[in-house]
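2 protein chains.
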Amino acid sequence: MFAKRMDSLKVSDIREILKITANPQVISFAGGLPAPELFPIEEMKNVALTVLDEAGAEALQYSTTEGDMPLRKQIATRMKSKFNIHSTYENIQIISGSQQGLDLSGKLFIDEGDVVLCESPTYLAAISAFKAYGARFIEVSTDDNGMIIEELEKILESTSNIKLIYVIPDFQNPTGRTWSLERRKKFMSVTSRYEIPIIEDNPYGELRFEGERLPALKTFDTKGMVIFFSTFSKIFCPGLRIGWIVADQKFLEKYTLVKQGTDLHTSSMSQREISKFMELYDLDANVEKIKRVYKRRRDIMLETMKEEFPDSIKYTHPQGGLFLWVELPLYIKARDLLLRCLKDNVAFVPGDSFFPNGGVENTLRLNYSNMSEERIVEGIKRLAKVIKEYE
Amino acid sequence: MFAKRMDSLKVSDIREILKITANPQVISFAGGLPAPELFPIEEMKNVALTVLDEAGAEALQYSTTEGDMPLRKQIATRMKSKFNIHSTYENIQIISGSQQGLDLSGKLFIDEGDVVLCESPTYLAAISAFKAYGARFIEVSTDDNGMIIEELEKILESTSNIKLIYVIPDFQNPTGRTWSLERRKKFMSVTSRYEIPIIEDNPYGELRFEGERLPALKTFDTKGMVIFFSTFSKIFCPGLRIGWIVADQKFLEKYTLVKQGTDLHTSSMSQREISKFMELYDLDANVEKIKRVYKRRRDIMLETMKEEFPDSIKYTHPQGGLFLWVELPLYIKARDLLLRCLKDNVAFVPGDSFFPNGGVENTLRLNYSNMSEERIVEGIKRLAKVIKEYE
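As given, the protein sequences belong to chains A and B, one line each in that order.
Under this note's numbering, the first residue of the first sequence is numbered 784, with each subsequent residue one higher.
Under this note's numbering, the first residue of the second sequence is numbered 784, with each subsequent residue one higher.
Excised from the complex, chain A in its bound form (with noise of 0.2 Å):
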């Protein structure tokens, strides 16, 4: 009765986590949830009044596919002023949580057995949203400083039907890790070979704790080929689902009509919600305000992970973002040490989620953003226990 792709889909395993992480007695590295004590709840208020006031009856009635004109200017303003992008209004999409942008670039590009060549490991839910479209993966081994080009290098060479390339450059999700400049370079000028479209998927690059900013792969984009999907969702809440696509027209008017189909438009209120807040407040504060407190609690994470991890544990030291990395000795199990954490009341995600084609078995992912710092300490403190049973 259903369509084939079906077969391939399964529920996600961090959302079947996350419902066992209901329980407050829990503590969960698990999400990715921004911490919502610093939603600007008052300032929201107003601008709810503001906009009803000034523009009620366009703000609850349908709206343009492309999103509304005021957001895409103030969104290509930003672009220019955190990423060095140079685009107009003309080159934004806005798209309903950038988990769209991913559904709509699967329906855009790829057909059944198609490759999607990504990092490894990459994008949980990027994985299920190119899958739903037929994609293969093939994964391209990454380090400290981001894809290991050398391998990019021979698989582009050596592979037909490459779709599209999927790339998180600025604190990937899942691993916390940055792109060197020099990696930054070299992706761009091998990939500049071919005619092959590229995501750059940046959730989390204004959300830099320390270090130098380092400039967007779309910036070194000579020939149009880099999507840039970007959000609102970590830097002023997730809740709006407001998130957007910078990308040249070519692609963009492709965008505005696979949209079309799948919503008709992101939700007009909730679009010029964030217009009037950006208008009325400081999103750079706002920005400033949630990087002091995920910073304190990266530090406070690394600290006791320094502290109470075994040194066989490895893992990485963020500079940003939300997350960060695992790798513990090959015969753990992350599988296996979730299911024991739970009845200690902490999770987290098994890292085999992020390898669209398995067999890491070893790895886990850590989030810092949703937890309080003292409940960050105790949580890594009962899996630090649990690991050392393993020995």
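Hints in this document: simulated from the structure, not taken from any laboratory.
Wrong hints could be hidden among the right ones.
Since the list gives no way to pick one copy over another, a pair counts as held whenever it fits inside one copy or between any two copies.
[Stated by the list, open to error] Below are the DMTMM-like pairs computed for lysine to aspartate or glutamate, each with C-alpha atoms no more than 25 Å apart in a straight line:
1. Lys856 to Glu841
2. Lys802 to Glu837
3. Lys863 to Glu1157
4. Lys828 to Glu1062
5. Lys914 to Glu895
Assemble the complex: chain A is given as a structure, and chain B must be docked to it using the hints.
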């Protein structure tokens, strides 16, 4: 570079025409927009404040894919009271407007080349949603009482790979027609011999101006094969993009799975706002207000058509909803008529867009919900004048 499906997708006529009709001098019967002057803007201010006061952090945070529980429960209750459909929250999936239900259904059921059975004509945006998944359409003829059951029977007997039956039995878009009780019963009797999912798309059912309410197909659904869609877009406001699916759990859990990869979840804030509106105010009273206004607009449109149109022009007399359907003499092509009408600043949608396999050129759709009575009279006069030039 693009997926094969993109070859068959084209820009929606309605969207393109609506761009022209943004000019306020144009009297447009082309869209399907609700009357914005009826949106409860003052109430929405109170609703937004209350939601942010009572649960601001939750309203701005990520939420579950299924949708917020209180809203799902309210919808289940409303399905009983308005459509006599028995369900619990476990049968309700919240979606980003009922258009998303069409997209998710394509993803869930349609492989390249599969057949969708539909009314002839049918809803334009359903055609593009299903085409994106490679659907072929077989159109079943309709008359004033709905789908011709004998034809449906023959097609079902003689066609393999029918994956979906898509119908709009109440105040259909584009014709405004409503299926008779007898047709509903026969349709369910005939289709119950097959294991084919049936989408009953019902955005307009509550907007009945006169005549007896007829039971939803889903009330005759003994095998759990009817998937019922509805939306707040026509009974409340469309800008928040909130619709829902009512279905057996065997379907519902699959919808949840595909929605997860598509956009994670629908705006938490919008869901809570609608839920709070239904708690604090009387949605039924809002629906009554809408019905009174639309009935007057339909009446004045029909009266003016009766006075102004030549006798050779046939048109439907809808008992509710937003649209009526005009059949011109065969020698008048609606696309040609539209080009002439645009010079006189009046617009409509040519009917051929609503036939998935094309070929019918002498029909058009008129919308009466979005225009004042004066403008309706003036617009119909202009349209009649151009039509008379063909005589």
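Comparing the hints with the structure gives:
1. For the identical chains of this complex, Lys856 and Glu841 are intra-copy neighbours only, at 18 Å inside a copy versus 29 Å across copies, given an alpha-carbon limit of 25 Å.
2. Taking the closest pair of Cα atoms, Lys802 and Glu837 come within 25 Å of each other only across two copies (23 Å); inside a single copy the shortest separation is 40 Å, beyond that limit.
3. In the homo-oligomer, the alpha carbons of Lys863 and Glu1157 never lie at most 25 Å apart, since the shortest distance is 38 Å inside one protomer and 48 Å across protomers.
4. Both within a single protomer and between protomers do Lys828 and Glu1062 lie at most 25 Å apart by alpha-carbon distance, with minima of 14 Å and 19 Å respectively.
5. Proximity of Lys914 and Glu895 under a CA criterion of 25 Å is satisfied in both settings, with 9 Å inside one chain copy and 16 Å between copies.
Comparing the model with each earlier hint shows a violation of hint 3 alone; every other hint is respected.
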